[in-house]
Amino acid sequence: MPKERSKKHRRLQLLRIAVQAFFLGLFFYLLFGTHFTGEDYIGPVEAFFHFSPLLAAATMLAARTMIVFFGLAAVTVVVTLFLGRVVCGWVCPLGTIHQFFSWAFKKSKFLRPKKPAMGGLWIKYAILAFVLVAALFSLNVAGYFDPISFLTRVSATSLVPAASHGLQGVVGLVYAVKLEGLGDTLAQSAETLTLNSTFVQGFAIGLIFLVFLLLNKWRERFWCRTICPLGAMLGFFGRLNLFKLKIDEGKCTKCNLCAIHCPTQASPFPNDQWKSSECIYCETCAAICPTKAITFPVRFKHEKAPAVDFTRRRVMASSLLALFSVPFFRISKAGKRASEKLLRPPGSLPEPEFLRRCVKCGECMKACPTNGLQPVLAEAGPEGLWTPTLVPKIGYCEFYCSLCTQVCPTGAIKELTVPEKTTVKIGTAWINKNRCIPYFLGRPCIVCEEHCPVSPKAIKFTEVETVRPDGTIAVEKAPVIDVELCIGCGICENKCPVMDQPAIYVTSVGEDRSKENQLLLQIGE
Amino acid sequence: MNRRTFLKDAVLGSAALGAGSRLFGAFPASGQTAEPDLAVVQGESPAAITKAAIEALGGMGKFVGRGSVVLIKPNIGWDRTPEMAACTNPDIVKALVELSFEAGAKKVTVMDNTTNQAQRCYVRSGIQAAAKAAGADVPFINPRRIKKMAVGGAWLKDWDIIQDFVECDTLINVPIAKHHSLCRVTLGMKNWLGAIGDPRNQLHQKIDEASVDLAAFFKPKLVFLDAYRILTRNGPQGGRPSDTKLLKTVACGRDAAAVEAFGATLFDINPPELPLLKLALERKLGRIDLEKMNIAKRTV
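First to last, the protein sequences are chains A and B.
Residue numbering for the first sequence follows our numbering, beginning at 4 and increasing consecutively.
Residue numbering for the second sequence follows our numbering, beginning at 16 and increasing consecutively.
Only chain A is shown next, with the shape it has when bound in the complex (with noise of 0.2 Å):
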């Protein structure tokens, strides 16, 4: 028998990592190109989003309704169907990412992973199931999961920013030995990317990204083989795919390499326990048998149910697990009444509708020209949390922007057109005239009248007198706000001079997108 590997799926294997980078490419290519570019509209940076059954079937279960731009869904769904996973194996940013560590890891001496145990796989499933009888329930928490949707939150929140700061030091360290004009040009690129780089929960949000990360360490591609539940979900349908491996028994030593080296455990040998569902189609143990045993070919015979334990008594507890944490997340005082931080990007649909829509995957974040949009922790309730909020004191929302509606991809924040988006009231400004420097202080400022975009302002001002220390009397020109005018942008909170608690601040009171969190009544207008 002479030894020697196949060269044709040697060559497949090298396709597959160049569909790999490619893709990969795209989406970062993508994620960068979400910021203001010169026009005041973005094309489809969020296209990813769409291409993801789970995100579609959970955001349609979950907001009980069609949306039109899912349809792309279905793509992946019939390629998956013919071809099986190779969504996950070629396509997938986030598996390549994981494949890559899994390689780096397995390549250096102390971190290799171990041999592929058995079980585990289950659990992919089991949060498939969770996930899509919550949405059932109306409680989206497919977002916390859907590889996209993980991916673009930690690069918004996490990668980027870090990267950001990491390119700081760099111009810092450019300067340092006097290259001023490759300082400048770094300084101006990061300038024109408008890279955010402050983030309330990037650290732990990155922290998360780096734990299963090192769990590659344990187990190639954990994440793809063990908590996907996208991956599960194409496992399934990937099952009757055409391509289904065939080991040549005349040629196989029983060498056992291909299924050591498997990334997914999908178990190429022996033969009858290879797992469809689970195979991504990397071409791994193709390319590494040393005698050329393993192939591909088209067969239609079904095959046997899949290996994997996803018993039927798996699949009950996960749903009824689902049903029973639907009520815990309702606990919370979110449904109570509004939160007064909790000030939701403009065009976001009311709060109820936004969580059964919103998959928490920081676009908007990403978008925000000003940094403004931050995830959040409590305020919307555990179902809330990483849903995009603004805080003014990091950054407002920019007058003549409405990227944020744009780029979501599950339409929690509707799409408008800028000129929309101008009269949409987001929040209301409050003046805390105990901080005020005209009120309390009795010297001039007016910065916050200054910058309202509004036109007619909505902060005006008046003559106050002021009791200074010394006793003698000021008289200086003092703002109030026209709460009808106020759409509640939060520059003036952003641009106050009162730097650690600023003295005018935004609540989200009088949103136009709620009905019960109002201040004026509008009776018979």
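Each hint should be verified, as a subset may be incorrect.
[To be verified] Quick list of in silico lysine-lysine cross-link-like pairs, DSBU-like style, CA-CA up to 30 Å:
hint: 1; chain 1: B; residue 1: K163; chain 2: A; residue 2: K396
hint: 2; chain 1: B; residue 1: K163; chain 2: B; residue 2: K260
hint: 3; chain 1: A; residue 1: K295; chain 2: A; residue 2: K336
hint: 4; chain 1: B; residue 1: K312; chain 2: B; residue 2: K77
hint: 5; chain 1: A; residue 1: K181; chain 2: B; residue 2: K163
hint: 6; chain 1: A; residue 1: K480; chain 2: B; residue 2: K299
hint: 7; chain 1: B; residue 1: K299; chain 2: A; residue 2: K463
hint: 8; chain 1: B; residue 1: K293; chain 2: A; residue 2: K463
hint: 9; chain 1: A; residue 1: K181; chain 2: B; residue 2: K122
hint: 10; chain 1: B; residue 1: K122; chain 2: A; residue 2: K396
hint: 11; chain 1: A; residue 1: K480; chain 2: B; residue 2: K172
hint: 12; chain 1: B; residue 1: K77; chain 2: A; residue 2: K480
hint: 13; chain 1: B; residue 1: K163; chain 2: A; residue 2: K463
hint: 14; chain 1: B; residue 1: K234; chain 2: A; residue 2: K181
hint: 15; chain 1: A; residue 1: K181; chain 2: B; residue 2: K162
Hints listed in this document are in silico derivations from the structure and should not be mistaken for laboratory results.
Small disclaimer: the values here were computed from a predicted structure and weren't measured.
Start from chain A and add chain B according to the hints.
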């Protein structure tokens, strides 16, 4: 500008100049006598009145030396399009860039420390595209080029200064005339708040003192006031074309106080009434007695 439009402009311009000097016969024709204190030009085209105004002062060569580095400081503070009159007219900036290059400038930079997102302001004001088309560099503010400097003002002793504004041979201030609820109007001197670092908003507590101190510190060689379209209410950013008034005027000169005083009159303010101008006078920044000045007035 192609040759045809240049020739057209040149012919029209010289005709208008002739007409202008006849109209304002009290003043001697330019080029033969002393440089006027102020040039005030009115006309349909922002570019043409800009060029005529500089011509009336004796040409850009008086301010820009051969091989020099020029920094033009328009107001690009707001994310507003030109018809809102919140930022300097882009055609005026472009004309000044062209004139600087014609006078032999080696490098012309146009920049401002904006209030709204810098990219939005640069793009939507039209200034980035216009200035780049004329060959200028239009960089964003680089935080690494901000350094604390001694301003040496009567009130403002030191502050963070953007180095580009001090590391140039010729500094040209190109404000736009706007309403401002704290200062009544914002013209050239307050424009310097766009050349400094944060927390500049705190300067509002003594805004006139700060503006005058900064004007004295930066000492531009030329102040060019854009009053083509002025903002008359909701300043300093407006928001509706109805907040603006079309005056089709520019005013320029070496004397920052004189240009400021002329700008005040556009809002029907008697210059000595402006606290800022009183301060400017006290600190000997220039003259505000418009009636005694040699003002070259033209219509193009």
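Which hint numbers doesn't this structure obey?
Per hint list: 2, 3, 7, 10, 12, 13 violated.
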